[in-house]
Amino acid sequence: MRDHLRRPPANDPSRGAYKEWLHVNAFDHETGVIALVNVSVHGDPDAQASRAVGAALVHVPGVGWAGNAEVVPANAVGTDVLTLATAGVAVAVDPSGARVAARARLPRDQVDLSLEGVPVGPELSATSVMPFGSGHLGWAVYPRLSVAGTLGLPGRTVTMDGAGGYADHNWGRWWWGDDAGWDWACWHAPDGVLVVFSRMTNRAHTTTGLVLLTVEVRGRVVRFVDDQVLVETSGRLWPSRRLPGALAALHTDRTAERLPSRVVVHASNGFDALDLEFDVRDVAQLVMAEPAQPGFAFLHELVGAFRCVGLIAGVRVDSVGLGVVERAG
3 MRDHLRRPPA NDPSRGAYKE WLHVNAFDHE TGVIALVNVS VHGDPDAQAS RAVGAALVHV
63 PGVGWAGNAE VVPANAVGTD VLTLATAGVA VAVDPSGARV AARARLPRDQ VDLSLEGVPV
123 GPELSATSVM PFGSGHLGWA VYPRLSVAGT LGLPGRTVTM DGAGGYADHN WGRWWWGDDA
183 GWDWACWHAP DGVLVVFSRM TNRAHTTTGL VLLTVEVRGR VVRFVDDQVL VETSGRLWPS
243 RRLPGALAAL HTDRTAERLP SRVVVHASNG FDALDLEFDV RDVAQLVMAE PAQPGFAFLH
303 ELVGAFRCVG LIAGVRVDSV GLGVVERAG
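According to the numbering used here, the stretch in the sequence shown is residues 3 to 331, in order.
Hints in this document: simulated from the structure, not taken from any laboratory.
It cannot be assumed that every hint is accurate.
Unchecked claim - Cβ pair distances, simulated, as ranges: (1) V227 / R205: 16 to 24 Å; (2) S236 / P75: 38 to 46 Å; (3) R260 / Q50: 36 to 44 Å; (4) A51 / D281: 36 to 44 Å; (5) G272 / P75: 51 to 59 Å; (6) H207 / V122: 29 to 37 Å; (7) P63 / D193: 17 to 25 Å; (8) T129 / D14: 15 to 23 Å; (9) V122 / G64: 22 to 30 Å; (10) R222 / M132: 22 to 30 Å; (11) H207 / D281: 17 to 25 Å.
We put the CB at the ideal spot given by N, CA and C, even for glycine.
From just these sequences and the hints, can you work out the full model?
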């Protein structure tokens with residue numbers, strides 16, 4: 003799958019609603035460390051009010067979150083065919099999908115991250131575009147990755163060699179604050195099982211649109227859609243980290259956001275089946291501000307461990323691993 007940035011042309015009347023980002027997750031099964039790296043652009047790339055966010059968050063079991071998010075003018079972002087970079091955080095994808103790189107230098111937070119991933123699985127999906135809020139959302143998912151690199155963290159350094167990885171690319175036109183949201187998840191097991199979940203919702207997550215669960219095991223890919231997938235949540239957790247700090251301080255009413263401590267997924271299409279149980283260890287909240295008009299959205303990153311069992315394309319699955327669930331709205 004070849005891909006590229008979707009920056010708006012000069013004559014695009016919807017430039018103000020432009021959004022685009024590159025996203026990388028890394029799962030170090032040996033230490034339980036999970037890294038989330040994202041660079042995003044919000045609004046007309048040439049408008050003075052538009053902003054870009056470079057976020058690098060690392061969760062260490064028993065310690066918590068390290069890292070931060072930096073907010074810069076959108077016209078300060080470095081770009082290439084499929085690269086987005088702020089001063090401190092960068093994500094680059096080979097346009098053919100053959101390599102993915104993530105870099106973060108946040109000296110005030112004592113975080114220095116350098117990761118590179120290469121595909122070790124089949125292509126998960128072609129590029130898709132779907133209605134979202136007042137506009138649309140595009141999504142390109144890259145294959146399961148093998149990730150190597152280093153994470154320099156406060157008080158320790160983690161060396162990754164063959165860690166699990168996932169990357170995707172999103173773009174579109176909408177306003178933060180629209181009556182729209184999503185639930186997304188990536189669960190990665192060291193035995194090669196990868197599960198990716200997505201569904202569109204309203205902002206309150208009381209209604210859902212398209213539901214897709216993709217399971218990859220031993221080079222075989224099976225997809226479950228809509229009513230073939232049942233998601234149940236239980237328990238309650240609150241964000242232990244909220245950022246960017248200045249924006250989070252403006253929204254103290256969201257400090258007690260109710261989020262599940264457990265997510266259970268059941269999927270069946272009559273031939274294939276999967277049951278997955280995800281226990282959440284911690285939650286981070288990112289506040290997304292709309293630069294072109296009043297409006298906010300909140301992205302919650304839930305990290306933890308999972309187990310799944312089932313039968314996928316004739317292969318028995320009984321796997322454990324690490325994952326992240328993202329809830330936006």
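Range hint 38 to 46 Å (beta carbons of S236 and P75) holds or violated:
Between S236 and P75, where Cβ atoms are some 42 Å apart, the hint holds.
Assessment of proposed distance window 36 to 44 Å (beta carbons of R260, Q50)
37 Å Cβ-Cβ, so the 36 to 44 Å window holds.
Do the beta carbons of V227 and R205 sit within 16 to 24 Å of each other?
holds, 23 Å
Take the C-beta atom of P63 and the C-beta atom of D193, compute their distance, and say whether it sits inside 17 to 25 Å.
holds, 20 Å
Taking 22 to 30 Å as the hint, is the beta-carbon distance of V122 and G64 inside that range?
holds, 29 Å
Hint says 29 to 37 Å; check whether the CB-CB distance for H207 and V122 agrees.
For H207 and V122 the Cβ distance comes to about 33 Å; the hint holds.
The hint says 36 to 44 Å between A51 and D281; measuring C-beta to C-beta, is that right?
holds, 41 Å
Distance restraint hint 15 to 23 Å, applied to the beta-carbon atoms of T129 and D14:
holds, 19 Å
H207 and D281, beta-carbon distance inside 17 to 25 Å?
Since H207 and D281 have Cβ atoms about 20 Å apart, the given range 17 to 25 Å holds.
Given the range 22 to 30 Å, decide if the beta-carbon distance of R222 to M132 lies inside it.
holds, 25 Å
Using the Cβ atoms, figure out if G272 sits within 51 to 59 Å of P75.
holds, 52 Å
Of the numbered hints stated above, none is contradicted by the structure.
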